[in-house]
Amino acid sequence: MKTGFFLFAACAALVAVQAQEATNSTVKYIDYSSLKKFTRAPRTKAPPTKETTIQQSSLSGSQEQQQEQIETPAPTRVPAPTRPNPRATKAPTPAPTPAPTPAPTPAPTPAPTPAPTPDPGPWEAKWIDHDQVKPFAQPEPVTISEKAAVKYKPQIHIVNGCHPYPAVNEAGETSGGLKTKGAPSAGCKGSGWGSQVYGRSTWVRGVWAIMYSWYFPKDSPSSGLGHRHDWEHVIVWIDNPDIENPKILAVTPSAHSGYSKQVPPKADCVDGTSVKVKYESKWPVNHALDSTSEGGDFQDLIMWDQLSENARRAMNGVGWGKANTPFNDGNFLPKLDKAWPF
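All letters in the sequence shown, in the order written, are residues -19 to -1, 1 to 323 by mature numbering (1 follows the signal peptide of the UniProt record, and there is no 0).
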């Protein structure tokens, strides 16, 4: 009786132990179906047992499918990008770019006003010996008036009395002239420096007038007669200096504060384009110019505008006694009016 009881108790204990072991060895899974779709269930690895292998093999089909469904989430469809409608969307209107403001232009600095040239005052004559005055060399003509003056430069024949001399040099020093003693040509038969003829020209009532002037150290028909210094001149009147072949219309040589007039000049009193004049005194009258058929000498021509400033001032300011400078600013136009030949 006791033996059977113990045998029964032992069997019951064995069955209980096996059942407990079977329970402990069974792998339990949590149902994740209630969890979110994309949650992966963790895998629990336990040492396999015989019973576990059997159970796993029986569950492999359905459970693996369930795990695939749980472990592999369905891909999320990315929505296709929406293409903007070019017609519906208007390009933004660019804001107008303001024109750059130009930098202000500074007012030009005015040129300084030069100080006025002080008035040099009246010219003080600087006299030197008549044979020490150096003439101006004849410049190359450039302007129309200069070319015409050279082309029509006259020649002078000295019948008696002094030969022409330079009256002024570049520094403005002027000839002191000669006393009226001795022969009419005593001491004045020609300068060792060379002689000079002075020119100035302008329009007069539609005719071109060229004045040629000579200076003589004295005007003395005989010893004791006449005066220191002498100026004589001739005016050549042409139609137009700016044409190819201007025509000589008249010649007016100076004579005793007046003029002799030839309109037109005699053919034998002109050599090509050069008129011929003579310097002569008919005793006891002083010297004067007149037209002639006799050839004469040429001198270097210097025009009024070609003179140095000091030379012009001297010609305007020096007093020559009974003679006067015919081509200076005070005498030029009045003498042209007086000599008008037409």
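For the record, the hints were derived by calculation from the structure and aren't laboratory data.
Mixed in with the good hints, there may be bad ones.
Stated by the list, open to error - The calculated lysine-lysine pairs, modelled on DSS-like cross-linking and capped at a C-alpha distance of 27 Å, are: (1) K160 - K132; (2) K132 - K228; (3) K242 - K319; (4) K319 - K132; (5) K162 - K107; (6) K162 - K263; (7) K160 - K115; (8) K303 - K319; (9) K247 - K228; (10) K170 - K160; (11) K319 - K228; (12) K160 - K107; (13) K132 - K263; (14) K134 - K319; (15) K134 - K115; (16) K303 - K247; (17) K242 - K228; (18) K263 - K303; (19) K170 - K303; (20) K303 - K242; (21) K128 - K303; (22) K228 - K107; (23) K247 - K107; (24) K242 - K132; (25) K247 - K128; (26) K170 - K263; (27) K242 - K162; (28) K263 - K242; (29) K319 - K263; (30) K160 - K303; (31) K115 - K303; (32) K170 - K107; (33) K128 - K115; (34) K162 - K228; (35) K303 - K162; (36) K170 - K134; (37) K263 - K228; (38) K263 - K134; (39) K128 - K228; (40) K160 - K247.
Here's how the hints hold up against the structure:
no., hint, result
1, K160 - K132, "violated (36 Å)"
2, K132 - K228, "holds (12 Å)"
3, K242 - K319, "holds (11 Å)"
4, K319 - K132, "holds (25 Å)"
5, K162 - K107, "holds (23 Å)"
6, K162 - K263, "holds (17 Å)"
7, K160 - K115, "holds (21 Å)"
8, K303 - K319, "holds (19 Å)"
9, K247 - K228, "holds (13 Å)"
10, K170 - K160, "holds (14 Å)"
11, K319 - K228, "holds (22 Å)"
12, K160 - K107, "holds (18 Å)"
13, K132 - K263, "violated (31 Å)"
14, K134 - K319, "holds (21 Å)"
15, K134 - K115, "holds (20 Å)"
16, K303 - K247, "violated (32 Å)"
17, K242 - K228, "holds (16 Å)"
18, K263 - K303, "holds (19 Å)"
19, K170 - K303, "holds (22 Å)"
20, K303 - K242, "holds (23 Å)"
21, K128 - K303, "violated (33 Å)"
22, K228 - K107, "violated (41 Å)"
23, K247 - K107, "violated (42 Å)"
24, K242 - K132, "holds (21 Å)"
25, K247 - K128, "holds (24 Å)"
26, K170 - K263, "holds (19 Å)"
27, K242 - K162, "violated (32 Å)"
28, K263 - K242, "holds (19 Å)"
29, K319 - K263, "holds (24 Å)"
30, K160 - K303, "holds (13 Å)"
31, K115 - K303, "holds (24 Å)"
32, K170 - K107, "holds (23 Å)"
33, K128 - K115, "holds (24 Å)"
34, K162 - K228, "violated (43 Å)"
35, K303 - K162, "holds (17 Å)"
36, K170 - K134, "holds (22 Å)"
37, K263 - K228, "violated (32 Å)"
38, K263 - K134, "holds (26 Å)"
39, K128 - K228, "holds (15 Å)"
40, K160 - K247, "violated (37 Å)"
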